[in-house]
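Order-wise, the sequence lines are chains C and X.
Residue numbering for the first sequence follows our numbering, beginning at 1 and increasing consecutively.
Residue numbering for the second sequence follows our numbering, beginning at 1001 and increasing consecutively.
Calculated from the structure, these hints are not laboratory results.
Beta carbons: idealized from backbone N, C-alpha and C, even for Gly.
A couple of the hints might just be wrong.
Here are a few chain X residues that sit away from chain C, every Cβ distance over 12 Å (derived from the structure) [what the hints assert, rightly or not]:
no., residue
1, Met1015
2, His1037
3, Trp1064
4, Ala1072
5, Pro1093
6, Lys1099
7, Arg1111
8, Thr1295
9, Cys1300
10, Gln1310
11, Pro1311
12, Thr1361
13, Glu1395
What follows is a set of in silico ranges between Cβ atoms, one per label pair, in the way DEER data are often shown [what the hints assert, rightly or not]:
no., chain 1, residue 1, chain 2, residue 2, range
14, C, Gln106, X, Gly1340, 20 to 30 Å
15, X, Ala1313, C, Lys103, 34 to 44 Å
16, C, Gln106, X, Pro1303, 25 to 35 Å
17, C, Ala141, X, Asp1062, 36 to 46 Å
18, X, Lys1286, C, Lys103, 19 to 29 Å
19, C, Ser159, X, Gly1340, 28 to 38 Å
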Amino acid sequence: MRAYDNKIIFAGPVGAGKTTAIGAISDIAPVITDARASDMTLNRKDTTTVALDYGVLMLDESTKVHLYGTPGQERFDFMWDILSQGGIGLILLLDNTRANPVKDLQFFLNAFRDMLKAAPLVIGVTKTDLRATPSIETYAALLEKFDMRPPIFEIDARSREDVKKLVLALLFSIDPGLES
Amino acid sequence: MMLSNAPQPQLITVMPVGMDPRKLSVFRMAFRMHHSHQLYQLLDEAPGHAPDLAIVDVDSVDGWSAWHDFRASHPHLPALIVTTTPPRAGEAPAAVLRKPVRIETLFPQMRELLANDRTPAVRLSTAVTAAAVTPAAQSPAAAPAAVAEPASSVSDHSAAAAYVASVAATLDEVITQSQQAHRAATAAQQQQQSPAPSDLPQLMDLPDSVTETEHSADTATVEVVRSMLPENQSTPASAGGKISFERFDPSAGLFGLVARLLRQRTAAVIRVREVPVLVLLPAQDKALLLQPLETLQALCSAPSHEVDQQPYAKGPVNAAQQEIRPQTLAWQLAIWTCRGRLMRGIATDTPIRLRYWPNLTRLPPIPEAMRITAFLTRTPVNLKLITRLLKVPPEDLFNYLAAAYGIGILDLPSRSPQLSVISTEPVRPGGKVETVAAPSSPQSSSPAPAPSPAKPAQGSGRLLSRLLKKVIGL
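Turn these sequences into a full structure, and let the hints steer you where they fit.
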């Protein structure tokens, strides 16, 4: 049986809402390592995560589930492997307003393929109000071709309810019979 | 030791004439379900017995020649003619029972025939076409019952059979439904004899699916199932330890039309009683609601003949009340239409799988949808296993299945012939998953294995459970 390292990984491209999503459910004010963007990221937002974001879900005084947000830029991808080891699961956020979000999906599935051999994946698609396509069904049908059926939801990363659903889907993906 | 004064049941041997094996099976099943002080058996089941009466079907290819041949060879045997087109009164050579054959009239008619075969006329029940009766002399082997069996002596089993027959519109339905009732009765008997060891809700022995042509599209059929309640929970006395679930036809009515148009990706204006209520634009991923939601909810119960479609003429629809996604519309209509009933086409052992997760953050909520989805996207699984492992209330499960069907993500064997169903609990990543071939027919009654839910390693399981509790409480 797999041993969990009490952490959930939030990954995705720049601007997908990882920092915001962690902040939506964390029991502490999230630790953010944003710095002023100086590269192509500047096209999407002023600051970006350069190390990682960190939040916590406190189960009791001594038990925590850590929420890690990976930096979105590929040049920080050396951190992804370190962060993802032993994770309960991966929450991948996709920004639907990016040029090719399907390509982003393929990229991150490949980048986290080792983690996904043992841990479940949940996908949240953000900014669908700004751009409706690709639709959730399009993503799902694409993944179905590869016999992948991960939870994939439209979300607003600012919405606690939406982010809660991502985590719940992650947990039920591990065990549909899980009871609180 | 007490001596029983109960009379031995009288065995009546019935000779069938002009019936193919399918029709014979109807009567065979009906006779087996009938328990009173008269027991009936077909002649082929009683070698060496002389027939007490005959039932002659004159609707076969031989037509009335079957009757004439029979009467020539058995001039004195009491006989009952069954047909869909009875002769006019006074022209029939024997008592006639009009099809569809109903069990509640079949047995009284046979009793009456046996009791009165010395008399020149047979009193026919209201459900039976009056006909002249041949004054048949009593056969030595056809000793009539001295007293007609009172209706009140009919056992529960025959009452159940009568119920089944009462909802049957054709002889073919009697075949199917008699078999279903027999299975349900047998299952109930087994339940009484050996109660399930688990106190978990179980969905067992639900009658097999019926084809959509068996019923009118707008008529729900109540189906008797074995109790899904925990053992220690009493059931209503009137239900006799059983509870009932209704089925509904997902191809009927407003929901059925919307689901079909979405699958076909056809743009259309949908009308109910000739009033436009919806515009479906699947290619644009839009649905325009032309009526308030409350009205649409009420219209979900409109019969199919009141619902139609017209081609969508491009242009603005000024009366649009609200614009939503078609998937959301279909999901909501499914919930309003289903109302806790089970879709036709799904039996307890039908392997079910979801093609992918529905967009649960943007769809109307259904209790336990997350848990059900997680299970059904992993591997094909049947209703028995779902309810046993997830402890999901059947009504929620049925609503969910209807909604999943509505948005086109429900995978059933008709769509995936090779769909196989799990035989062991599948939920752990990396856990061993064994599969067995899917039943070739939805009529299959072989019970699915009853695996115990796998338990995670204690430490991680506790962590996940506590995390679940935490997240739910956020």
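Now for the hints, and whether the structure bears them out:
1. Met1015: holds (56 Å)
2. His1037: Answer for histidine 1037 (chain X): holds, closest chain C Cβ roughly 51 Å.
3. Trp1064: holds (59 Å)
4. Ala1072: At about 67 Å from chain C, alanine 1072 (chain X) clears the 12 Å cut-off, so the statement holds.
5. Pro1093: The assertion about proline 1093 (chain X) holds, with a minimum of 65 Å to chain C.
6. Lys1099: holds (48 Å)
7. Arg1111: holds (54 Å)
8. Thr1295: It holds; threonine 1295 (chain X) is separated from chain C by about 27 Å at its closest Cβ, greater than 12 Å.
9. Cys1300: Answer for cysteine 1300 (chain X): holds, closest chain C Cβ roughly 24 Å.
10. Gln1310: Holds: least Cβ distance 26 Å, greater than 12 Å.
11. Pro1311: Nearest chain C Cβ is 25 Å from proline 1311 (chain X), so the label holds.
12. Thr1361: The claim is violated: threonine 1361 (chain X) sits with its nearest Cβ about 4 Å from chain C, within 12 Å.
13. Glu1395: The assertion about glutamate 1395 (chain X) holds, with a minimum of 19 Å to chain C.
14. C:Gln106 with X:Gly1340: 20 to 30 Å: Taking Cβ atoms as reference, glutamine 106 (chain C) and glycine 1340 (chain X) lie about 41 Å apart, which means the hint is violated.
15. X:Ala1313 with C:Lys103: 34 to 44 Å: Roughly 39 Å apart at Cβ, these two residues keep to the hinted range, so it holds.
16. C:Gln106 with X:Pro1303: 25 to 35 Å: violated (48 Å)
17. C:Ala141 with X:Asp1062: 36 to 46 Å: violated (56 Å)
18. X:Lys1286 with C:Lys103: 19 to 29 Å: holds (27 Å)
19. C:Ser159 with X:Gly1340: 28 to 38 Å: holds (30 Å)
Of the numbered hints given earlier, the model fails hints 12, 14, 16 and 17; all others are met.
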